[in-house]
Every structure is written in C-alpha cells, then in structure tokens.
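Q: If you read the protein sequences in the order shown, they are chains A and B. Per this note's numbering, the very first residue in the first sequence carries number 1; after that it's consecutive. Per this note's numbering, the very first residue in the second sequence carries number 1; after that it's consecutive.
Don't read these hints as lab results, they were simulated from the structure. We treat Cβ as the ideally placed atom computed from N, Cα and C, and that holds for glycine. Honestly, I wouldn't trust all of these hints.
[Stated by the list, open to error] In silico DSS-like cross-links for lysine-lysine, where the CA-CA straight-line distance does not exceed 27 Å:
{"hint": "1", "chain 1": "A", "residue 1": "286", "chain 2": "B", "residue 2": "109"}
{"hint": "2", "chain 1": "A", "residue 1": "237", "chain 2": "A", "residue 2": "40"}
{"hint": "3", "chain 1": "A", "residue 1": "265", "chain 2": "A", "residue 2": "316"}
{"hint": "4", "chain 1": "A", "residue 1": "40", "chain 2": "A", "residue 2": "58"}
{"hint": "5", "chain 1": "A", "residue 1": "95", "chain 2": "A", "residue 2": "40"}
{"hint": "6", "chain 1": "B", "residue 1": "109", "chain 2": "A", "residue 2": "316"}
[As the list claims (entries may be wrong)] Some chain B residues close to chain A (C-beta under 8 Å, calculated; not the full set):
{"hint": "7", "residue": "73"}
{"hint": "8", "residue": "79"}
{"hint": "9", "residue": "80"}
{"hint": "10", "residue": "83"}
{"hint": "11", "residue": "86"}
{"hint": "12", "residue": "126"}
{"hint": "13", "residue": "173"}
{"hint": "14", "residue": "177"}
{"hint": "15", "residue": "181"}
{"hint": "16", "residue": "182"}
{"hint": "17", "residue": "184"}
{"hint": "18", "residue": "187"}
{"hint": "19", "residue": "193"}
{"hint": "20", "residue": "195"}
[To be verified] From the structure, some residues in chain B lie toward chain A, with a derived Cβ separation under 8 Å:
{"hint": "21", "residue": "75"}
{"hint": "22", "residue": "180"}
{"hint": "23", "residue": "186"}
{"hint": "24", "residue": "246"}
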Amino acid sequence: MVQITQTLPSRVLHQCLVSLALLFSCSLYANIDYPIAPEKIAKDTWVLWGANEIFSAKNGGHIANIGVIITAEASLVFDSGPSKGFADALNAWIKTQGGGPVRYVLNSHAHPDHFLGNQVFQKSALMAAAPTRDAIAEEGSDLAENLYRMVGAKMQGTQSVTPEKIATNQRFNLGEHQLEIKILNGHTNADLVLFDHSTGVLFTGDLVFYQRALTTPHAVLKDWLTSLDQLDQLPYKTLIAGHGPIDQTRSATAQTRQYLLWLDKVMQQGAEQGLSMAEMLSQWRKNPLREIALSEYEFVRSLAHWYPAYEVAALK
Amino acid sequence: MLKQKLRDSCLLLTLSGVLGSGVAYSDNHSLNAESHAPTTQNANPLMDVMWDFMREQFIGSQPWQYSDQVKITLPSFAEDSTQVPVMVSANIPQAQQLILFADLNPIQKIAQYQVQQGELPDVALQFRVQQATPVHALVQDQTGLWHVGRAYVDAAGGGCSAPKVAANNEDWSSNLGQVNGRLFQNANQQRLKVQIFHPMDTGLIDGTPAFWLNEIEVQNEQGTALGLLRLSEPVSANPRLTLNFKQVQNQGLQLSMRDNDGNHFQSPLYQSAVNSNALETTTQHSKGER
Numbered sequence: 001m002v003q004i005t006q007t008l009p010s011r012v013l014h015q016c017l018v019s020l021a022l023l024f025s026c027s028l029y030a031n032i033d034y035p036i037a038p039e040k041i042a043k044d045t046w047v048l049w050g051a052n053e054i055f056s057a058k059n060g061g062h063i064a065n066i067g068v069i070i071t072a073e074a075s076l077v078f079d080s081g082p083s084k085g086f087a088d089a090l091n092a093w094i095k096t097q098g099g100g101p102v103r104y105v106l107n108s109h110a111h112p113d114h115f116l117g118n119q120v121f122q123k124s125a126l127m128a129a130a131p132t133r134d135a136i137a138e139e140g141s142d143l144a145e146n147l148y149r150m151v152g153a154k155m156q157g158t159q160s161v162t163p164e165k166i167a168t169n170q171r172f173n174l175g176e177h178q179l180e181i182k183i184l185n186g187h188t189n190a191d192l193v194l195f196d197h198s199t200g201v202l203f204t205g206d207l208v209f210y211q212r213a214l215t216t217p218h219a220v221l222k223d224w225l226t227s228l229d230q231l232d233q234l235p236y237k238t239l240i241a242g243h244g245p246i247d248q249t250r251s252a253t254a255q256t257r258q259y260l261l262w263l264d265k266v267m268q269q270g271a272e273q274g275l276s277m278a279e280m281l282s283q284w285r286k287n288p289l290r291e292i293a294l295s296e297y298e299f300v301r302s303l304a305h306w307y308p309a310y311e312v313a314a315l316k
Numbered sequence: 001m002l003k004q005k006l007r008d009s010c011l012l013l014t015l016s017g018v019l020g021s022g023v024a025y026s027d028n029h030s031l032n033a034e035s036h037a038p039t040t041q042n043a044n045p046l047m048d049v050m051w052d053f054m055r056e057q058f059i060g061s062q063p064w065q066y067s068d069q070v071k072i073t074l075p076s077f078a079e080d081s082t083q084v085p086v087m088v089s090a091n092i093p094q095a096q097q098l099i100l101f102a103d104l105n106p107i108q109k110i111a112q113y114q115v116q117q118g119e120l121p122d123v124a125l126q127f128r129v130q131q132a133t134p135v136h137a138l139v140q141d142q143t144g145l146w147h148v149g150r151a152y153v154d155a156a157g158g159g160c161s162a163p164k165v166a167a168n169n170e171d172w173s174s175n176l177g178q179v180n181g182r183l184f185q186n187a188n189q190q191r192l193k194v195q196i197f198h199p200m201d202t203g204l205i206d207g208t209p210a211f212w213l214n215e216i217e218v219q220n221e222q223g224t225a226l227g228l229l230r231l232s233e234p235v236s237a238n239p240r241l242t243l244n245f246k247q248v249q250n251q252g253l254q255l256s257m258r259d260n261d262g263n264h265f266q267s268p269l270y271q272s273a274v275n276s277n278a279l280e281t282t283t284q285h286s287k288g289e290r
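Using the sequences provided together with the hints, build the complete structure.
A: The following block contains the structure:
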C-alpha cells in the first residue's frame, strides 16, 4: 500500500480512503438482498418457500422451506435458512409484523440449507436434537465452506453456530398455539418435526420432499420409511415439506415413500443384473416420478450414496 | 523428479480448472456423458489444454482420431470425488488395447487393458478425481490407429489427496486381497463383477506410501490369459470392477492379481449360474480320480 507520512494532506487522503472503503463495503453489503416473500398459510403461520432447485448464486441457497409462527407473546422459526443474509432479511421481516421476540429457532437437521442462519438469532433460542447439535458442531464449518463454493457472494459473513438447547419429544405453548416437537430419523440420524395442534400445520423438515427428488447423503431407508408411517399417524391438515409446495391433501408422505421404495427397487435390480455404477446413471428415466424436480440430479447423487452397498450385497 | 514434474503440471492445470469450473449442472445438459459423442467439434480446447501433452506421454506420435465408437459413461459431476463411476465400451473391431486417463489428475492414468486373446471387454470401475477434469479413453485397433473417446466430469476436488476413512482402519490388512465376485450371464453377454479389498493408497498423502493393486490378469477356466488389466493409483479403494464380454460365453473366468508390493492374489473361478451345476459334477469327478 501507499506509505502514509503524517503530513496533513496525506492524513486527509487517508481518511478519504477509509471512508471510501467503508462506503464501498456498505454498498457491497446492500447488494446482498434476499427478496423474501413470506406466505401466510394458517393463523399466525407463514412459510418462506425455497426454490425447487439446487444451490446456486441466483437462489442464494434458499432452497428449503422456512416456517415462522408469530404471536404477540413470542415467535418461532422452523429452520434458519442457508446464510446470514437470508436470516437477516427474515429477522427484519418478523420485526415488521409486530410479534413477540423470536424465542425458538428450531433446526430440523444438520444440512446447510436449514441451519446456517442461526447466527442472526439469540443463541439461547437455538434448539436442535442432540445428534443434530453434534453434527453441526462437527461439520457445520465444512458445510458452510461448501455452500460458499456453490452460492458465492450471498454467503458473505455466514458462520456456523451450534444450537445450545437440546430438543426432545415435547409439547409447549406459543401464544394460543399448542405445539409438539417430535424427533424422528431416516433422512439424517435425527429429524425434528413440528406439529401445531391448534392449526393442524405440520412442518416435516426433509423427512418429506414434495414434487422434488429426495436427497440422501445421510439417509437410512428403513428408518425413513418408519418415520413416514409415524407422520401419517398425526392428524395434520396441512403439511409443509422441507422442499416443495404446500400439501393439503395428505399426499406428500406417500410420494416420498413411493420414491424411496423405487430407489431401493431399482438399485436392487441393477445390482442383481450386475450393472456397474456408471451404467446405473441412466436408470432415473425408469422412475415413475421422473417428472418431479431434480429427479436426474438427485438420482446421480443417491447412486453414489447407496449403490455401492447394493453392489457388494449382490456379490456375496 | 517425476513428482516435481507432476506438481508443476498440477499448478498449470489449476488455472484451467478455475476457468472450467462452473459447469456444475444445468437443465440443458444431460447429466451423464454417454450421449455426448466425442468428436473433434466438441473436444474443448479450453478444457483440454493438457490433451496434446498427455497424448504424447501415452501414445507418442502414433496416429489417432476422435471416435464416437469409444463411449465413456461418466456422471457430469462427482458427488463423491473418491468414487467417480466410469465405464468404457468400445465398438472397435479387433481392438488391441485400452488406455483410460483423467487429464487433470496429479496421476493421470487410471487403467489400461491389453487384449491377449479374444476381445476387448467393456471396463467399468470407480476412480478418484482431484478436480474437475476431462477424461479420455484411447482404444487401439489392429492397424495401430488409436480411437479416442472424451468426457468431462466436474468436481469440488480433493479425491486423490484426502485421507480416507479406510486408512485409519487397521482391519484392511486382514482383508487384503480378499475378492467377492460373480459372473452374470445377460443376453449374449457375459460379465464378471468383482470387489477386491485393497487400500489403493495413491502415495499423495503424507506418510502413506503408494500401495495399490496394479496388475490383474483375466483368465478363462483353463487358466489361459484373455487380457491384462493394469490399474493405476487413482482407482478407488476396494475397487469394484466390471468386465463385460460380448463374445465370450458360457465360460468360467478368474483373476490373477498382483500389487506394487509384490503380493499375489488369486480369485476363485467364477462360473455362470447356468454352468455351475455342470462344473460341480466335473470337480467331483476329478476329485474321484485323485
């Protein structure tokens, strides 16, 4: 840099440079805007719909559905989103609604599109199941780094923050809402769902994907199927999947189950025919659900996650 | 000396990788490369900066041409950069050998298959990528001409130099060289699929010397060599290999394998389900004779 001697003109120059730099960084910051469009789906209950896409600079990583319940007493956020920028926008919007402070921020599971907005909220509000907390503590920074790679500038300032409070199966009230947390598993080793007995709204996190192919990097087929059965026991009227549109006809869990069973079947058949992993790449075309979003992309990923085990089993 | 050379070329390559990254996924492109006929037109000079250099390393100044008869099946992106699936199937009459390599890997060569008797099988395996890279498959015919197929895989990278879980697992030594396999008889095709337990250490991780399975002789049931498959360090740990023969039928296959440490491993003789009954009778018979 320029060497600055302590003469008056250069000090002025220095101050100018500093303010210029500040101005520039502010304008950079201002450019990071997340155009959020919360939609009211039930009393006091809002959803910020994620794009049915993979992570990109354009969607800023906001691909998962984010739920909000706002009451005069306090507010709740179901999943904090992919980045600081997103959560800032969310938090600012919540304040404009005139509700009580955000007392609960639930992390449904430890995937980056669901918890990387944590840093914006009070640390004491952050809550997750114990295995989710452990996974965020261990892998959170790596996951954030990978998201920087895929999303870019909109990740600016984002840091992984591990929730403090452990969520267990529990019931609690938020204003007039009788809420219930259930800890299931299958999509990951812990998947938190939130059921609002008062409105009949169920936030499933990524245990349910609707009109969008499943992601499986930490999935366990049997556990996932069991959890879907448990969700079906709940008297919900409206289901908000982790990804995909609103479900008011109780058909989203069935679609997720159908997709899972198809994955299992196609991989088992492929392994029994001796197909190599490379040959399996084109099998997504046989999926009856191939028209849903990202079915080819996610199938290629699921092959990497699951197919080796099917291959090995078929050789024994 | 050689390592230094590799490192230098890596530096060069990183630049082209930066230019090339961002090909992650788009709805307009098919996700697997099989539909991309590798012709001169779509061989991308920006991506393939190393092609001329690498080609000279492998085939010198021998004649070559791009050919859509050499098909590389590869995902467009690596979900797991330590396990990128690839299959090469060549429709080249009387093919003599196959060389498969990834241009921008620190160790480029993946595998080579030399035909000793009969045909060049389709070869499928998984390999590691260090970054996004073109992949080339070169198949030589009887006249000496090389037919070249090309594909491209995008990757976040690190597959060659990331310490793997298996390296921390002491169990590998007790399973070393163990083979699970099966012969599949599909319509007019016979394929051998095996998994071999071997750490396949690349030597690119500090403190872990290169240790990999480098020679696999494919034999028929009489022990006659059909071909020699040479694997290089980038092949994934505990390799799962598929060899698909279109002309060999109703014939048992077995593998005689060696690693760079001189260990020798012999697979069982694999029979197709149709034939195995007949064989059991023969085996019992020969036992009786003894």
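Q: Each hint should be assessed against the structure and marked as holding or not.
A: Hints and how they fare:
1. 286/A to 109/B: 34 Å, violated
2. 237/A to 40/A: 15 Å, holds
3. 265/A to 316/A: 18 Å, holds
4. 40/A to 58/A: Holds, because 24 Å separates the two Cα atoms, which is no more than 27 Å.
5. 95/A to 40/A: 16 Å, holds
6. 109/B to 316/A: 30 Å, violated
7. 73: 4 Å, holds
8. 79: Constraint on residue 79/B satisfied, holds at 4 Å.
9. 80: 5 Å, holds
10. 83: The hint holds - residue 83/B has a Cβ within 8 Å of chain A, the shortest such distance being about 6 Å.
11. 86: OK, holds: residue 86/B within 8 Å of chain A, min 5 Å.
12. 126: 6 Å, holds
13. 173: 20 Å, violated
14. 177: It is violated, given that the least Cβ distance between residue 177/B and chain A is near 15 Å, above 8 Å.
15. 181: 6 Å, holds
16. 182: Holds, because the Cβ-Cβ distance from residue 182/B to chain A comes to roughly 5 Å (cut-off 8 Å).
17. 184: 3 Å, holds
18. 187: 10 Å, violated
19. 193: 5 Å, holds
20. 195: Constraint on residue 195/B satisfied, holds at 6 Å.
21. 75: 5 Å, holds
22. 180: 4 Å, holds
23. 186: Hint on residue 186/B: holds, closest Cβ of chain A at ~7 Å, below 8 Å.
24. 246: 14 Å, violated
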